[in-house]
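Line order of the protein sequences matches chains A and B.
Positions 2 to 105 (the numbering used here) are the ones given, in order, by the first sequence.
Positions 523 to 702 (the numbering used here) are the ones given, in order, by the second sequence.
A few of these clues could be false.
[As the list claims (entries may be wrong)] Derived EDC-like pairs (lysine to aspartate or glutamate); straight-line CA-CA distance at most 16 Å:
{"#": "1", "chain 1": "B", "residue 1": "Lys610", "chain 2": "B", "residue 2": "Asp649"}
{"#": "2", "chain 1": "B", "residue 1": "Lys612", "chain 2": "B", "residue 2": "Asp649"}
{"#": "3", "chain 1": "B", "residue 1": "Lys656", "chain 2": "B", "residue 2": "Asp609"}
{"#": "4", "chain 1": "B", "residue 1": "Lys591", "chain 2": "B", "residue 2": "Asp525"}
{"#": "5", "chain 1": "A", "residue 1": "Lys40", "chain 2": "B", "residue 2": "Asp584"}
{"#": "6", "chain 1": "B", "residue 1": "Lys539", "chain 2": "A", "residue 2": "Glu37"}
{"#": "7", "chain 1": "A", "residue 1": "Lys40", "chain 2": "B", "residue 2": "Asp536"}
{"#": "8", "chain 1": "B", "residue 1": "Lys692", "chain 2": "B", "residue 2": "Asp649"}
{"#": "9", "chain 1": "B", "residue 1": "Lys684", "chain 2": "A", "residue 2": "Glu5"}
{"#": "10", "chain 1": "A", "residue 1": "Lys34", "chain 2": "B", "residue 2": "Asp570"}
{"#": "11", "chain 1": "B", "residue 1": "Lys534", "chain 2": "B", "residue 2": "Asp584"}
{"#": "12", "chain 1": "B", "residue 1": "Lys693", "chain 2": "B", "residue 2": "Asp649"}
{"#": "13", "chain 1": "A", "residue 1": "Lys34", "chain 2": "B", "residue 2": "Glu540"}
{"#": "14", "chain 1": "B", "residue 1": "Lys611", "chain 2": "B", "residue 2": "Asp649"}
{"#": "15", "chain 1": "B", "residue 1": "Lys541", "chain 2": "B", "residue 2": "Asp525"}
{"#": "16", "chain 1": "B", "residue 1": "Lys541", "chain 2": "A", "residue 2": "Glu37"}
{"#": "17", "chain 1": "B", "residue 1": "Lys539", "chain 2": "B", "residue 2": "Asp584"}
{"#": "18", "chain 1": "B", "residue 1": "Lys539", "chain 2": "B", "residue 2": "Glu526"}
{"#": "19", "chain 1": "B", "residue 1": "Lys591", "chain 2": "B", "residue 2": "Glu549"}
{"#": "20", "chain 1": "B", "residue 1": "Lys692", "chain 2": "A", "residue 2": "Glu4"}
{"#": "21", "chain 1": "B", "residue 1": "Lys578", "chain 2": "A", "residue 2": "Glu37"}
{"#": "22", "chain 1": "B", "residue 1": "Lys610", "chain 2": "B", "residue 2": "Asp567"}
{"#": "23", "chain 1": "A", "residue 1": "Lys6", "chain 2": "B", "residue 2": "Asp696"}
{"#": "24", "chain 1": "A", "residue 1": "Lys40", "chain 2": "B", "residue 2": "Glu540"}
{"#": "25", "chain 1": "B", "residue 1": "Lys610", "chain 2": "B", "residue 2": "Asp570"}
{"#": "26", "chain 1": "B", "residue 1": "Lys591", "chain 2": "B", "residue 2": "Asp671"}
{"#": "27", "chain 1": "A", "residue 1": "Lys6", "chain 2": "B", "residue 2": "Glu666"}
{"#": "28", "chain 1": "B", "residue 1": "Lys656", "chain 2": "A", "residue 2": "Glu5"}
{"#": "29", "chain 1": "A", "residue 1": "Lys34", "chain 2": "B", "residue 2": "Asp569"}
{"#": "30", "chain 1": "B", "residue 1": "Lys684", "chain 2": "A", "residue 2": "Glu4"}
{"#": "31", "chain 1": "B", "residue 1": "Lys693", "chain 2": "A", "residue 2": "Glu5"}
{"#": "32", "chain 1": "B", "residue 1": "Lys684", "chain 2": "B", "residue 2": "Asp671"}
{"#": "33", "chain 1": "B", "residue 1": "Lys692", "chain 2": "A", "residue 2": "Glu5"}
{"#": "34", "chain 1": "B", "residue 1": "Lys693", "chain 2": "A", "residue 2": "Glu4"}
{"#": "35", "chain 1": "B", "residue 1": "Lys684", "chain 2": "B", "residue 2": "Glu670"}
For the record, the hints were derived by calculation from the structure and aren't laboratory data.
As the structure is a computational prediction, the values presented were derived from the model and not from experiment.
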Amino acid sequence: MNEEKLIMERFGNENPFRVPDNYFNEFPQRIMKRIERQKRRRRIIRWSIAAMLAGCVLSTTFLVDSFKQQNLPLEADNSQYIEDELDYSMINNMEIATYLTEAE
Amino acid sequence: MIDEARIIAQLKDDSQKEKAFNTLVQEYQEVLYWQIRRLVISHDDADDVLQNTFLKAWLALDDFRGESKISSWLFRIAINESLGFLDKKKRSIDISSDADGYLSNQLLSDPYFDGDETQALLQQAIDLLPNKQKAVFNMKYFQEMKYEDMSQILGTSIGALKASYHHAVKKITDFFQQND
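Go ahead and model the full structure; you've got the sequences and the hints to work with.
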């Protein structure tokens with residue numbers, strides 16, 4: 002390619018950049034330390050999530066237990082109300098219309 | 523040159539994983555660094571991107587199935603990281619500053635740039651290319667990489683790479699015709 006040749010003749014393809022002294026000697030140690038830190042952080046996150054989930058399970062169990070203990074007598078008191086509600090909900094629109102017409 | 527099959531087996535073994543990865547870092551740090559540095563230009567940015575490249579590789583080790591060479595896989599991560607970095611940077615700086623010779627002036631005052639004004643100007647011309655075209659130009663022109671290897675790394679057909687390189691060369695010569 003003619004244009005490529007022109008660029009090559011004028012600029013060459015040598016590397017004009019350089020790095021600080023010892024950069025490549027020290028880099029592997031730096032990156033391995035960063036990986037170690039990341040591993041530690043991931044372990045902490047994993048343990049925190051596990052602890053949080055265990056806390057959720059425990060508090061849910063506790064709440065359900067206390068709810069059951071507190072609400073047992075109430076369920077008995079409410080049973081008549083629930084039966085009435087069920088009866089009313091089975092009344093269809095036609096029956097309501099008839100009732101209203103008769104009331105007039 | 524490392525034994526690929528052996529290093530892959532060691533990377534899959536938890537007791538040897540870190541040692542094998544350290545070998546990978548030592549083997550490929552320089553070639554990846556220069557690929558990254560030519561794209562991001564400053565040493566500090568290249569250092570950040572190189573660290574991110576190896577961290578990403580470490581986290582993705584379990585996904586590496588050996589379908590491509592380790593070197594191609596690492597190059598792919600490095601190029602993606604570099605292009606991502608350039609996109610982010612482009613959004614945060616004034617794009618017109620490139621055309622004003624901003625980069626070549628910056629390079630001439632960079633303690634880690636040994637080139638002269640002409641080489642700084644070439645870097646400025648390259649910097650005006652779209653990011654992927656810049657990567658293609660650097661790989662071919664400076665690293666003299668084969669199109670087959672570039673195709674594996676960039677996931678682009680050889681024909682498209684040849685066309686991209688041709689366009690890059692044309693744009694760079696046009697830049698010098700306008701600035702001479």
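Consistency of the hints with the structure:
no.	hint	result
1	B:Lys610 to B:Asp649	holds (15 Å)
2	B:Lys612 to B:Asp649	holds (11 Å)
3	B:Lys656 to B:Asp609	holds (13 Å)
4	B:Lys591 to B:Asp525	holds (11 Å)
5	A:Lys40 to B:Asp584	holds (15 Å)
6	B:Lys539 to A:Glu37	holds (12 Å)
7	A:Lys40 to B:Asp536	holds (13 Å)
8	B:Lys692 to B:Asp649	holds (14 Å)
9	B:Lys684 to A:Glu5	holds (13 Å)
10	A:Lys34 to B:Asp570	holds (15 Å)
11	B:Lys534 to B:Asp584	holds (7 Å)
12	B:Lys693 to B:Asp649	holds (11 Å)
13	A:Lys34 to B:Glu540	holds (11 Å)
14	B:Lys611 to B:Asp649	holds (13 Å)
15	B:Lys541 to B:Asp525	holds (14 Å)
16	B:Lys541 to A:Glu37	holds (12 Å)
17	B:Lys539 to B:Asp584	holds (11 Å)
18	B:Lys539 to B:Glu526	holds (14 Å)
19	B:Lys591 to B:Glu549	holds (14 Å)
20	B:Lys692 to A:Glu4	holds (7 Å)
21	B:Lys578 to A:Glu37	holds (14 Å)
22	B:Lys610 to B:Asp567	holds (12 Å)
23	A:Lys6 to B:Asp696	holds (14 Å)
24	A:Lys40 to B:Glu540	holds (11 Å)
25	B:Lys610 to B:Asp570	holds (14 Å)
26	B:Lys591 to B:Asp671	holds (10 Å)
27	A:Lys6 to B:Glu666	holds (14 Å)
28	B:Lys656 to A:Glu5	holds (15 Å)
29	A:Lys34 to B:Asp569	holds (15 Å)
30	B:Lys684 to A:Glu4	holds (14 Å)
31	B:Lys693 to A:Glu5	holds (11 Å)
32	B:Lys684 to B:Asp671	holds (13 Å)
33	B:Lys692 to A:Glu5	holds (8 Å)
34	B:Lys693 to A:Glu4	holds (10 Å)
35	B:Lys684 to B:Glu670	holds (11 Å)
Checked against the numbered hints above, the structure breaks none of them.
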